[in-house]
Amino acid sequence: AQTVTQSQPEMSVQEAETVTLSCTYDTSESDYYLFWYKQPPSRQMILVIRQEAYKQQNATENRFSVNFQKAAKSFSLKISDSQLGDAAMYFCAYTPGTASKLTFGTGTRLQVTL
Amino acid sequence: EAEVAQSPRYKITEKSQAVAFWCDPISGHATLYWYRQILGQGPELLVQFQDESVVDDSQLPKDRFSAERLKGVDSTLKIQPAELGDSAMYLCASSRGVAGGNEQFFGPGTRLTVL
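Line by line, the protein sequences give chains H and F. Just so you know, my numbering puts 61 at position 61 of the first sequence, and the rest follows in order with no gaps. Each number in my numbering corresponds to the 1-based position in the second sequence with 1000 added.
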């Protein structure tokens, strides 16, 4: 069975600084996708970034980028130039290539301070 | 911008009562998901529909939970009878297809409290 582990329950970053959230996963599949979802307080969950396992190049979306280490089964999220609006729960998630069911980690709560 | 709609946003009920949640996915999205998110944890899939057919309900407690998507559009999740351990956020999501990598769009959720 696939598992997703987020070992940082809470993180804090100052505005304009950079923070990295960690995620590891376990799977025997060769074709899969990895995601970071953001869940702001009292608002719906939204997709931040997606990585296809067969792509060696790390995905980037504006201030958000990932460090995908396939051999180590590691998938960390880097947020650059942090903003107050980045404060939220961040979930790492996995789907196999053949199905869209998401398996989530337990989340990391990110605080952004002035 | 199209969004997934859910109602009610909040529901308080007593143990042994019946509750129902409603979800309207983004138009054109064939796949619909119901997740349960217990406080402090990540969401877990309860049931997945492709059009009106159930694709995965392996984690749905079928003795008390039921879900339907009769016309392949909106969906209802029911709990009868509710138990204290059912207190959680119930999230609905939709996507265009069932293949891995499809972005899922989430609704605001229904927060259930069972007393």
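Just so you know, the hints here were simulated from the structure itself, not pulled from any lab data. A virtual CB, placed ideally from N, CA and C, is assigned to each residue, including glycine. It cannot be assumed that every hint is accurate.
[What the hints assert, rightly or not] Beyond 12 Å from chain F on every Cβ pair, some chain H residues (computed): (1) Gln-14; (2) Glu-17; (3) Thr-20; (4) Asn-58; (5) Asp-86.
[Stated by the list, open to error] Stretch by stretch, here's where chain F covers chain H in the computed footprint (C-beta under 8 Å, at least three residues): (6) 45-55; (7) 66-75; (8) 88-102.
Evaluated hints:
{"no.": "1", "hint": "Gln-14", "in the structure": "holds (25 Å)"}
{"no.": "2", "hint": "Glu-17", "in the structure": "holds (26 Å)"}
{"no.": "3", "hint": "Thr-20", "in the structure": "holds (19 Å)"}
{"no.": "4", "hint": "Asn-58", "in the structure": "holds (16 Å)"}
{"no.": "5", "hint": "Asp-86", "in the structure": "holds (18 Å)"}
{"no.": "6", "hint": "45-55", "in the structure": "holds (count 5)"}
{"no.": "7", "hint": "66-75", "in the structure": "violated (count 0)"}
{"no.": "8", "hint": "88-102", "in the structure": "holds (count 10)"}
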